[in-house]
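Participant: Residues per chain are reported as follows:
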Amino acid sequence: MERSVIARAKTVQDAVEQALTLLDATKQQVHIEVMESEAKGMLGLYSKQAVVKVTLKTEEILDQSLDMAEYSPPISIAEASVNIPPSRIEHPVTTPSIDNTEGKVWIESGQVYFHSKGNHQPSIRATEQVSLWIDEVPILAGETVKLSAGDIVRYEVEDKVVEPVWDIHIDDKAMNVQLRIEAGYRIIRQVVDTPPTLRLVLKAEEHKQYTPIEPIAVRKKLIEQKVVYGLYHDEIKKACLSEVNDTFLIAEGEQAIAGTNGYFEIKVDTKTRKVQPKMRENGTIDYREIKEFPCVDDGDLIGLIYPPAIGINGVNVFGEPVLAPPVTGVIVLTGHGTQLSQDGLEILATRTGMPEVIIQGRHVKVAIIPKLEHRGDVALQTGNIHFQGDVEISGTVQDTMKVEADGNIHIKGNVNMAEIIATQSLMVTANVIGSEVAVGQLFLFYGQAEPILQVILEQTEFLTTAIEQLNRAAAFKITDIDQHGLAPLLDVLFRGRFKELHKQLLLFMRTIEEHKALINEEWQKYIKEIKNGFLNLTMSHFKTAQDLDRFVKRTAYLLDRVVLPQLDHIFAQFHYIQNSQILVGGPVQVKKGCYNTQLRCAGLLEVTGFLRGGDYYAAKGMHIQEAGTIGSNSTKLTVKEGAVIHVDKLLGGTILQIGSKMHHFKEDTLNVKARLNEDRQFVW
Amino acid sequence: MFAYQIVTDEVQATIYFEGDIDIDAGDVLEDEIEPAVAPYTNIILNLEKVFFVDSSGIGLIIRLVQVLQELGRNVYIEQTQPEVMEVFELLQLDEILGKEIFR
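Keeping their order, the protein sequence lines are chains X and V.
Going by numbering that gives the first Met the number 0, 304 is the number at position 305 of the first sequence; the sequence numbering is gapless.
Going by numbering that gives the first Met the number 0, 84 is the number at position 85 of the second sequence; the sequence numbering is gapless.
In short, the hints are calculated from the structure, not lab data.
Just so you know, these numbers come straight off a predicted model, no measurement behind them.
The reader is advised that the hints may include incorrect statements.
Cβ-Cβ distance ranges computed for the label pairs, FRET-style [as the list claims (entries may be wrong)]:
| id | chain 1 | residue 1 | chain 2 | residue 2 | range |
| --- | --- | --- | --- | --- | --- |
| 1 | V | Glu-77 | X | Val-326 | 48 to 54 Å |
| 2 | X | Asn-312 | V | Glu-88 | 34 to 40 Å |
| 3 | V | Glu-77 | X | Glu-253 | 51 to 57 Å |
| 4 | X | Glu-223 | V | Glu-88 | 52 to 58 Å |
| 5 | V | Glu-47 | X | Glu-223 | 42 to 48 Å |
| 6 | X | Ile-477 | V | Val-27 | 29 to 35 Å |
| 7 | V | Glu-47 | X | Val-326 | 52 to 58 Å |
Pairs of lysine-lysine residues, derived as BS3-like cross-links and limited to a Cα-Cα distance of at most 27 Å, are as follows [unchecked claim]:
| id | chain 1 | residue 1 | chain 2 | residue 2 |
| --- | --- | --- | --- | --- |
| 8 | V | Lys-98 | X | Lys-498 |
| 9 | V | Lys-98 | X | Lys-476 |
| 10 | X | Lys-159 | X | Lys-207 |
Every residue gets a Cβ at the ideal spot worked out from N, C-alpha and C, and that includes glycine.
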């Protein structure tokens, strides 16, 4: 701790004495600083008092410098200020001549000089910034040392060096390369030239100089990392000279530009064909609405195919291509009465008829549905009718005859002891007696088969690959294939990798069994192939991956066949049915009623007349005007659980079944709305 | 060519197979080996000297292992040659028999 006193008096001498008294010290124990000398004014006017600052020396310094105390500058100044007139003090020792370097030390061009003579010894103080040695003895920072003639004074200033740090980061997709920089620098310290002084404090000036990074080193690293594309050379240069810590984007790949998928544009109206024909009040069907179905003529444009636009590939920073996302085109299947134009971009009609366009995913199926108009009865003379398209019969279908259409059937006369099969819809304006009718059954099968075939296709494709892989395995012998085909191998694969395929094949067999009556030769052949190829696990007629590949192709072909539209245009409309079997894959409307008939439909059954005797099942519910028998034949109405049976007038003796719950109505009941309640109880 | 040797102690039976495990090994596996090792708690199939397999042979191994596992035995397959292991992996035998069986 320093103690100091500032004293004011007429003269410097008086002020010093005053201060020494206050500090209770002798001149040897203090530093004296003359802050202002006295000035004498005229006649005592404008005179100025002297001001001194007197500081008590700390103990150590006092001890160290006791012997030089008498030469210490403050004292000499103090003495000077006492003895020398004020005008002399105005020219202090700042501009020394050669003569007055005695007892002083100075720095010139970074070199320390001093002039020590006898008791006139200058002093030098070491600091943190500058290391000091006197005669090779290091002097601690803060220490003051007296210089004697012949002393070797050496100092050193150390520069502070921070090397630049950098690294390169390539992102996961190899689209961006970043250069991260921590700037490097050197703080250069230089001792300042100082004019001769009695006490020299070694001080250094600091200059900060940034260390640039060699762009070559960065480029070399980039080459090492195989970065060759999209380099920003200017940015690398800029980064290398950076004086702040920063990250620079120095290379960038080129992104791929996505293309567009192909699509199909329908150029004809196809929508109205879904309008269902309406029944007139008198029970006949208004056929005019069917005539409103859209129609195209030979040569008409049905639609345009827009091919996919392939995207543009990009390049990553390694110069590798970045593939544009794949694009898909439409696959056009030209059906009946349609053809592709020569450039493959237009679908044209080749005959007159109703256009049908089915778009499912990438597949577009286009066909002109032809219509067969049969005048008169279908009888032995005309033969059965099998037609790929709609059929309209103006007369009756007579005993033992069969009408089969891949489309819609409209029969204006009766159906008598005959068989009718329609894949889409059936309308019979008159009576159906003692006949078998199936509508839209194949569609039901197609709907069930499609997801299964999809899995079978995928899995058998994998299977083919897996078998090819196995055949390449060194330790795998194929000695047993001659004898058993692929059966032993399939046996193993069905337990592990291809468990799902086995399951789906079995499921497919079960599904096809349910529809056995409807399927044609093509499907028969296919299920035979499944049986002999996959399901007999002691012997398979598949022997090679090529055999399997043929199966894959057949599956793909059949899958194409079953990819069909929703079933919303499958329905049947009747006037009167007696002693017949009716199967419909959609809703059924009956105008007058049914007598002693077996009817199953996948939709809603609406009867604006009666149901007398027979077994009726409608998956989605029933709305019947009157049901029941007065005679002995019982009437049973069944719907799926969750559906409702609505009968305006129910005669006693009728059985209603909802899901598995059955109720026998003993009495006549009006306005029955039978359903299952929350507790699955039969209520009405 | 197919041969085998069974080494047993009180609880363990080790079958050292030698040669190809293929369709011809069927009778031996079912009629001789299976009854011979069935009484032991731990049964080890050593395939060190098996260099070829066919699908029938693999089927037989699966059958043998599963029969023994159903009896509550601990079954292990060890020292399988890498080429044979490749075939096992392609057929996902680990999924059928359990991963812990290979050691």
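Participant: Each hint: holds or not?
Facilitator: Now the hints, each set against the structure:
no.: 1; hint: V:Glu-77 x X:Val-326: 48 to 54 Å; verdict: holds (52 Å)
no.: 2; hint: X:Asn-312 x V:Glu-88: 34 to 40 Å; verdict: holds (36 Å)
no.: 3; hint: V:Glu-77 x X:Glu-253: 51 to 57 Å; verdict: holds (54 Å)
no.: 4; hint: X:Glu-223 x V:Glu-88: 52 to 58 Å; verdict: violated (37 Å)
no.: 5; hint: V:Glu-47 x X:Glu-223: 42 to 48 Å; verdict: holds (46 Å)
no.: 6; hint: X:Ile-477 x V:Val-27: 29 to 35 Å; verdict: violated (21 Å)
no.: 7; hint: V:Glu-47 x X:Val-326: 52 to 58 Å; verdict: holds (53 Å)
no.: 8; hint: V:Lys-98 x X:Lys-498; verdict: holds (17 Å)
no.: 9; hint: V:Lys-98 x X:Lys-476; verdict: holds (24 Å)
no.: 10; hint: X:Lys-159 x X:Lys-207; verdict: holds (9 Å)
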